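Participant: So you can see what is in the structure, the chains are spelled out below.
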Amino acid sequence: MLAFTLRRAIQAVGVMIAVGIISFSMFRFAGDPVNQMVGMDTSGAERASIRKSLGLDDPVIVQFGHYLGNAAQFKFGISYQFRLPVSNLLIERMPATLELAICATIFAMLSGILMGVYSALRRDSWLAHAFQAVSLIGISLPTFLIGILMIYLFSVTLGWLPSFGRGDVVHIGWWTTGLLTLSGLKALIMPSITLGLFQMTLIMRLVRAEMLEVMRTDYIRFARARGLTTRAIHFGHALRNTLVPVITVAGLQFGSVIAFAIITETVFQWPGMGLLFVQAVQNVDIPIMAAYLMMVSLIFVTINLVVDILYTIVDPRLRSTVSRAH
Amino acid sequence: MTEPVLSVRNLQVEFTSRRGTLRAIDDVSFDIAKGEVLGVVGESGAGKSVTGLAVIGLIDPPGRISGGEIRLSGLRIDNLPPEDMRRVRGKRIGMIFQDPLTSLNPLYRVGDQIVETIRTHLNLSETAARRRAIDLLAEVGIPAPDKRIDGYPHEFSGGMRQRVVIALAICAEPELIIADEPTTALDVSVQAQIISLIKRLGRDHGTAVMLVTHDMGVIAETSDRVAVMYAGRVAEIGPVQDVVRNPLHPYAKGLMGAIPTLAGEDKRLVQIPGSMPRLSAIPRGCSFNPRCASAFDRCRIDRPEPLPRGTQSVACHLYDSVPAESAA
Chain A
1 MLAFTLRRAI
11 QAVGVMIAVG
21 IISFSMFRFA
31 GDPVNQMVGM
41 DTSGAERASI
51 RKSLGLDDPV
61 IVQFGHYLGN
71 AAQFKFGISY
81 QFRLPVSNLL
91 IERMPATLEL
101 AICATIFAML
111 SGILMGVYSA
121 LRRDSWLAHA
131 FQAVSLIGIS
141 LPTFLIGILM
151 IYLFSVTLGW
161 LPSFGRGDVV
171 HIGWWTTGLL
181 TLSGLKALIM
191 PSITLGLFQM
201 TLIMRLVRAE
211 MLEVMRTDYI
221 RFARARGLTT
231 RAIHFGHALR
241 NTLVPVITVA
251 GLQFGSVIAF
261 AIITETVFQW
271 PGMGLLFVQA
281 VQNVDIPIMA
291 AYLMMVSLIF
301 VTINLVVDIL
311 YTIVDPRLRS
321 TVSRAH
Chain B
1 MTEPVLSVRN
11 LQVEFTSRRG
21 TLRAIDDVSF
31 DIAKGEVLGV
41 VGESGAGKSV
51 TGLAVIGLID
61 PPGRISGGEI
71 RLSGLRIDNL
81 PPEDMRRVRG
91 KRIGMIFQDP
101 LTSLNPLYRV
111 GDQIVETIRT
121 HLNLSETAAR
131 RRAIDLLAEV
141 GIPAPDKRID
151 GYPHEFSGGM
161 RQRVVIALAI
171 CAEPELIIAD
181 EPTTALDVSV
191 QAQIISLIKR
201 LGRDHGTAVM
211 LVTHDMGVIA
221 ETSDRVAVMY
231 AGRVAEIGPV
241 QDVVRNPLHP
251 YAKGLMGAIP
261 TLAGEDKRLV
271 QIPGSMPRLS
281 AIPRGCSFNP
291 RCASAFDRCR
301 IDRPEPLPRG
311 TQSVACHLYD
321 SVPAESAA
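Taken in order, these protein sequences are the chains called A and B. According to our numbering, the residues represented by the first sequence are 1 to 326, in order. According to our numbering, the residues represented by the second sequence are 1 to 328, in order.
You may find that some hints are simply not true.
As the list claims (entries may be wrong) - What the simulated footprint calls covered on chain A by chain B, stretch by stretch (three residues with Cβ under 8 Å from a Cβ of chain B suffice, anywhere in the stretch; the number is not a length): (1) 225-232; (2) 236-249; (3) 309-318.
The hints are simulated quantities; they were obtained by calculation from the structure and are not laboratory data. In this text the structure is predicted, and so the values were computed from the model without any measurement. Glycine residues also receive a C-beta, built at the ideal position from the N, C-alpha and C atoms.
I would like the entire structure built from these sequences, with the hints used as guidance.
Facilitator: Written as structure tokens, this is what we have:
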């Protein structure tokens with residue numbers, strides 16, 4: 001088990017180094033960084049000295065080493081547009097994005113699993129058909145359109161929910177949360193639903209398909225032959241066996257949720273990392289873009305690692321094959 | 001005579017499909033007494049398993065019991081409300097399925113599955129149920145049951161898993177055990193152990209056993225009586241020695257002729273020509289008539305009803321001395 005975790009962790013480090021190469025090369029592809037920093041009238045000698053002081057004369061491999069070393073210490077340089085350390089900007093924005101992503105995922109998991117189980121167990125009811133239809137909409141309509149439609153309905157027409165921003169936030173150390181104020185909670189509703197809708201439909205369809213599959217297995221038939229109650233069979237036996245693939249998808253999707261948050265954050269002017277990234281793209285603020293890339297990859301890789309470990313908790317068969325392999 | 005544990009009368013099971021209604025079980029009747037093992041043999045698709053599932057009430061739509069009745073120690077169970085029937089399953093009727101590898105939920109410890117079943121049916125505390133589970137595992141011959149109870153199904157071999165399945169089937173002291181091909185998925189050496197285990201448990205607890213299999217060897221070894229099924233009907237039923245030594249129905253004769261003898265005489269094994277008809281194309285008259293060497297005119301028109309003949313009962317016109325009125 002430990003060896004398994006360790007091996008996965010080493011793989012994760014490998015992936016992060018690869019991402020580091022990509023984000024490092026962004027600086028070089030996007031032109032000379034010195035040009036981005038100085039004015040038109042800077043002389044060649046001044047440029048050369050800046051170049052030297054920034055270490056841009058060093059061989060590429062040395063520069064890359066510095067870059068990775070700094071990135072590992074969470075130093076991503078200074079933003080061109082804000083003139084502030086990128087890491088400060090990211091940390092300031094991260095709680096907003098994470099809160100949104102977590103709320104969206106919880107919403108997607110809860111409603112997706114409930115709807116999936118229901119539409120598997122009551123396959124022919126009208127509600128199950130309605131869920132299927134809704135899920136089709138959720139999968140095919142683009143996120144921003146749903147967001148805009150919701151803003152139109154709930155903010156503009158009905159005036160129930162705020163159309164942008166996070167509402168009032170409370171500071172807890174460096175973390176800011178909108179979960180503790182009414183306006184913060186109200187502001188979370190629409191972005192969370194917008195962001196989570198796609199995952200919800202995905203999870204719902206997955207749970208439904210898996211559940212139907214599991215209900216056909218021999219051990220469910222045998223559980224019925226043992227006279228277990230319907231509830232024990234459906235929720236004790238069938239649902240738990242359904243959850244293994246659901247955890248994978250939900251876990252991997254959490255990374256996409258954070259990545260897709262760019263769109264939702266733009267629609268709702270949500271002050272998170274995604275919005276920061278979009279602004280950075282508009283202003284060719286390479287340090288922020290590179291750092292964002294690293295951050296999102298780090299989150300992806302970490303989630304993958306956690307999902308792999310979670311598997312072994314849900315499915316005992318993996319536990320022993322994992323330990324037997326070593 | 002005491003009441004039989006299981007009494008099936010004129011059972012019919014139908015499956016509704018787009019192309020019409022198929023009758024998988026047609027007019028099947030048999031009894032199983034306390035402590036008796038009834039073997040049910042036949043080719044694949046003869047309706048053996050469906051009969052077992054009908055008795056335990058697990059025929060799923062589009063299938064349904066369309067006629068006849070099933071009584072368990074006198075109580076009619078084929079028309080019980082679902083919740084009452086659930087309480088009968090596992091408690092009064094235990095079932096063993098063919099494949100022990102897939103019968104247990106892979107995500108739960110063996111002990112949890114047994115305890116769960118015990119506590120569903122018996123009013124026992126968690127600890128008492130666990131003690132009982134350990135005793136059961138010991139009874140079905142699992143070594144070190146107090147340790148193995150915390151194992152997961154994948155940590156058991158096929159034979160051991162089938163023992164766990166048997167422990168699950170008997171955990172509430174059922175009156176009847178339905179074993180549906182309990183040894184088909186196992187090694188030959190393990191088969192013998194499982195068969196003798198089922199036989200011993202049936203004897204020790206006075207449980208009636210319905211043993212569904214296509215293996216005549218298993219039947220001959222274990223059963224007290226045997227029912228030979230063909231195309232959803234019982235062709236012949238009787239004490240196992242009589243049916244094996246002196247089969248009456250041409251189909252039963254064919255089956256027995258296909259068993260190699262240990263004496264090793266250089267006789268060619270008899271083969272029954274053709275194959276069993278599909279449910280959608282069951283011939284008129286006796287369903288066996290196209291394959292039967294002794295078929296005559298009446299067999300193609302009239303459906304034979306079971307007739308008592310000595311200790312056996314056979315559904316064949318050859319044994320009907322009364323001339324048929326409709327055979328013209």
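Participant: Next step is simple, just say for each hint if it's right about the structure.
Facilitator: Okay, the hints, checked on the actual structure:
1. Restraint check on the region 225-232 of chain A versus chain B: 7 residues with Cβ-Cβ distances below 8 Å, three needed, restraint holds.
2. Remark: the region 236-249 of chain A is confirmed as covered by chain B, as 4 of its residues place a Cβ nearer than 8 Å to a Cβ of that chain, reaching the required three.
3. Counting residues of the region 309-318 of chain A whose beta carbon lies closer than 8 Å to any beta carbon of chain B gives 4, which meets the minimum of three for the stated coverage.
In terms of the numbered hints stated before, the structure departs from none.
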